[in-house]
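Asker: Residue numbers (the working numbering), protein chains in the order written: chain A, 1 to 152; chain B, 1001 to 1526.
Since the hints were derived computationally from the structure, they do not count as laboratory data. Cβ atoms here follow ideal geometry from the backbone N, Cα and C, with glycine treated the same way. Check before you lean on any hint, since a few could be wrong.
[What the hints assert, rightly or not] Between beta-carbon pairs, the in silico distance windows are: (1) A:M1 - B:V1465: 36 to 42 Å; (2) B:S1294 - A:R101: 43 to 49 Å; (3) B:G1513 - A:P89: 35 to 41 Å; (4) B:Q1304 - A:E55: 55 to 61 Å; (5) A:R58 - B:R1361: 38 to 44 Å; (6) B:A1162 - A:S37: 25 to 31 Å; (7) A:P89 - B:E1144: 34 to 40 Å; (8) B:S1092 - A:D19: 47 to 53 Å; (9) A:M1 - B:R1235: 36 to 42 Å; (10) A:S37 - B:A1464: 21 to 27 Å; (11) A:M1 - B:R1361: 24 to 30 Å.
[Stated by the list, open to error] Which stretches of chain B does chain A cover? Using the computed rule of at least three CB atoms under 8 Å from a CB of chain A, they are: (12) 1134-1143; (13) 1444-1456; (14) 1470-1484; (15) 1514-1521.
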Amino acid sequence: MSNTVFAAGADDPGRILRDVERGYYLAGHRIPSIAESRENFRISARRVYEIRNGELGRLYRDGGIMSDTRDYLTRIDGVGTDFRLFPIPNCGKGQPMQTKRLGNGGPTMRSRARRRRLMRQPRRPACPPGASRSGETPERPSVEASPAGPRS
Amino acid sequence: VTTPAAALGPATNDLARAAREALDLLHATPDVLEGEVFAAANGQLLARVAYASHLPSNGLEEPKSTVSHGLGLQVVFRGSDGPRIGFGAEPSDLSPDGVRRALAKARTGAVHDPAFVSLPRPGPERRALWRYHDPRLLDLDDEELVAAGWRVVTGALRTFTASSRLAELAETEEGLRRLGLLLGGDVTIVQERVAIVSTHLPEVQTDETTLITAATTAMVEAMDAKGSGWSTGTRLDDFTDEAGVEAAHAAIRALGGERVRSGRYRVVLGPQPVTDLLNNLVLPALHASSFYASTTPFLGRFGQRVAAPTLSIYDHGALPGLTGSKGITCEGLPTGRTELITDGILTGLLTNWYEAQRLLRDPRARVKLGVNPGEAARGLVARNGFRFAAGGGRSFAARPGTAATNVFVEGRDGVSLDELCRRVGDGLYVGRIWYTYPINGLQAGDFTCTVIGDSYLIRDGRIAVPLKANTVRISDNVTSVLEGILGVTTEAKGTTVWGGDEVVYAPSIAIAGLRVDEIAGFVETL
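Start from the sequences, fold in the hints, and give me the full structure.
Answerer: Right, here's the structure in full:
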C-alpha cells in the first residue's frame, strides 16, 4: 500500500449532516479492529455526537461503530467534497518488523452501521463537519485510517 | 541469506570491552555526572513457511536474517538549571569515535527531567541465571535454519496425509491435493548478546540469550477449515515439528464449522486468546507507567481485588529453560519474580528503574495507586527494564522501556479442560483471536477482536462441533473478564502473539459471559 483513500465526492459536508434526521456523527478515530479478510470492522471514535433533525447534539465518548464491510460500503449515500489525507507512520508489516510510511484518507461520509457503547460526555460546542476549531486539525468520521496498519 | 554467526558482529567479550572503554570516556568528560553504556549485538533469523498442495510453492520461502550491533549511552550532564539527562546511540561502531558521536547525540538531546532521580542503582537482589543460552542457536548456520523450517512443514504434511477424514473426502492422492492443503507461518530465531556498565553498576555485565519459536496456520481450503499451531523454546535440540503437526490437526478438526447467533455466551478461552488479552490489555494495564499516566483500568486499586479470587498472575524472568528468561535486564539489574495479581488482588506492577522512581515520588501516587507509595514499594521493583525491539532483540538504540518476560497465569484450584467445559455447559471454546485491541483506550478496558480459528461450540459440557472461522466478533471489557472467571486449567502452554515481547505460559480459562456478535453473513452467499 502507499496512499489508500476514499475519494472525494460531490456533497457538501454540512448538507450530509443536515439531511440526517436521527443518527450519529463520529469524529477522530482510535485503534480499529478488522476481521481477518476485512469482511467486518469495529472502530471507535474519539468523539461521537448525536444528530437530531440535522443538528449536532449531545457528545459521547468511548463509542464507535461495527459493520460488515460490504454492508457499510454499499449503504453509503453521502460523500463529501472535504477530502483529507492522513499520514500513517507504520504499515505494520512483519515479521521481522518492517516499516513504511503511507497515507489513508477520505472525506466526510455517511452510511449505516451498528452503534457500539456510548458514554455520555459533558455538553460542549460541537465542531461541524468541514469546520475547524481554532488551531485544531479538522476531523473526519474515520472509517479506514489505521495507526497500527494491517498486519500480516 | 548471510551466514548468521559471522553477521552477528562483535563477540560478547568485544561488547564488554567496548562498554568499559565507553564508560571510561564518559567519566573523563568534565560535565558528566552519571553515565551508562549498553552495547548489544542482535540477530533475528526467519524461515517463512509457505506450502500449498494445489499451487506451485516452495514449502519454505525466503529464509532471511536481520542483524545489528551498536551502543547506546544514557548520560547525566551537569547543567545550570540542574542535571540534564540525555540518550544517544551509534550503530555499527564500538570505537571511541562511535562513543563520541553517541555522546554528542546524548548531549544534544539532554533535558532537565524533574522526575529523574538517578540511573539504576543496585538493590539487594542478585542475578540468578548464568550461561543459559544455547550455543548452537547463537551460531546457527543457514542449513540449520532451513532444516528447522522444513521440520515444521513435513510435520504438517505427514499429519494431513495420515488423516482418515481427509482421505475419505479426497478419495485419491490427486483429490487430496485438490482439497487445497495450505501451511503458512514462520520459524523465528532470536540471538541476543549484550554488555552493560554504568557509574552505579561499575562491573561490566554481559548476557547471551537465544530463543526459537514457530507459528503456523494450516488450512483445508476447499472446506474453509483452518487451524493453528505454535511452539516456543530456547534450544535447537528441543525444537520439534509441533507447530506444523498441531496446525494440521486443528485444521482437520475444523471441518464442518457452524455459525452461532449473536448473544452473551459462557466461554472457554484457550491459551492464545488468554495470551492476546494479556499482551494487549492486562499487562499494559499493570505497567507502572500506566498508573503514573492514569491510563490503567486498575487506577487506585493497588492492594484491592481486580480479578476473581481464583486468579493469580506473575512474571518470572529468571527461570532456566523458559523462553522469556534473561540473566539481567537491559538496565543491568537482576531479573526475578514479580507478583502482579495474587488470588485476585493487585499486588505488583511491571516496571523499569525510571518508572518506579517516578511513580513512588509522584505527589499524586497515593491517588494513582490507592495506597501510600511506601506500601506499594515492594511491588514496584525494577525487574522488567528491557530495550526490546519489535520482533525480537535487545536494542542498543532505545532507552529502557518496560516489558514482561515469562508470564504465568494460574488458578487457585486448577482443573482439566474437560472440567472447564463442564462448567460452561453450553457455550463456546475460543482458541484463536486476532486484532485484539483496547478499542476505547486502555483505561476503559473495552476490547474487541474476531475469532479466526481453533474454536468450537460447547454443548452439554463437551466440545461438540467447530465454530466456523471469521463468523463472530467478541466485544467486551477486560475487567469483567477478569472478574467473571469460572475456572483455570492446570495445563498451560508457552504462547507468544504478534508483536508481543513476553511469553505467556497460558492456561485455558472459563469466563461467565462474553458478548459475541455474528458477523459477515454475506460471505455465505458469495
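Asker: It remains to establish, for every hint, whether it holds in the given structure.
Answerer: Cross-check of the supplied hints:
1. Between M1 (chain A) and V1465 (chain B) the C-beta distance comes to about 38 Å, which sits within the given range of 36 to 42 Å.
2. Checked against the hint of 43 to 49 Å, the C-beta distance between S1294 (chain B) and R101 (chain A) comes to roughly 31 Å, which is inconsistent with it.
3. A C-beta distance of roughly 38 Å is found between G1513 (chain B) and P89 (chain A), which places it inside the suggested range of 35 to 41 Å.
4. Separation of Q1304 (chain B) from E55 (chain A) is about 44 Å and departs from the stated range, judged on CB atoms against 55 to 61 Å.
5. For the pair R58 (chain A) and R1361 (chain B), the supplied restraint of 38 to 44 Å holds, since their beta-carbon distance comes to about 41 Å.
6. Against the hinted window of 25 to 31 Å, the Cβ-Cβ separation of A1162 (chain B) and S37 (chain A) comes to about 30 Å, which satisfies the hint.
7. A beta carbon spacing of about 36 Å between P89 (chain A) and E1144 (chain B) agrees with the range 34 to 40 Å that was offered as a hint.
8. Separated by about 60 Å at the C-beta atoms, S1092 (chain B) and D19 (chain A) break the suggested range of 47 to 53 Å.
9. Between M1 (chain A) and R1235 (chain B) the CB atoms are about 39 Å apart, so this pair conforms to the stated range of 36 to 42 Å.
10. The hinted window of 21 to 27 Å between S37 (chain A) and A1464 (chain B) holds, with their beta carbons roughly 26 Å apart.
11. For M1 (chain A) and R1361 (chain B), the hinted distance range of 24 to 30 Å is not satisfied, since their beta carbons lie about 45 Å from each other.
12. A count of 0 residues in the region 1134-1143 of chain B with a Cβ less than 8 Å from any Cβ of chain A is obtained; the coverage claim is therefore unmet, three being the minimum.
13. Under a criterion of three residues with beta carbons nearer than 8 Å to beta carbons of chain A, the stated coverage of the region 1444-1456 of chain B is upheld, 6 such residues being counted.
14. Requiring three or more residues with a Cβ within less than 8 Å of a Cβ of chain A, the coverage given for the region 1470-1484 of chain B holds, as 3 such residues are present.
15. Coverage of the region 1514-1521 of chain B by chain A holds. Counting CB-CB distances below 8 Å, 4 residues qualify, and the rule asks for three or more.
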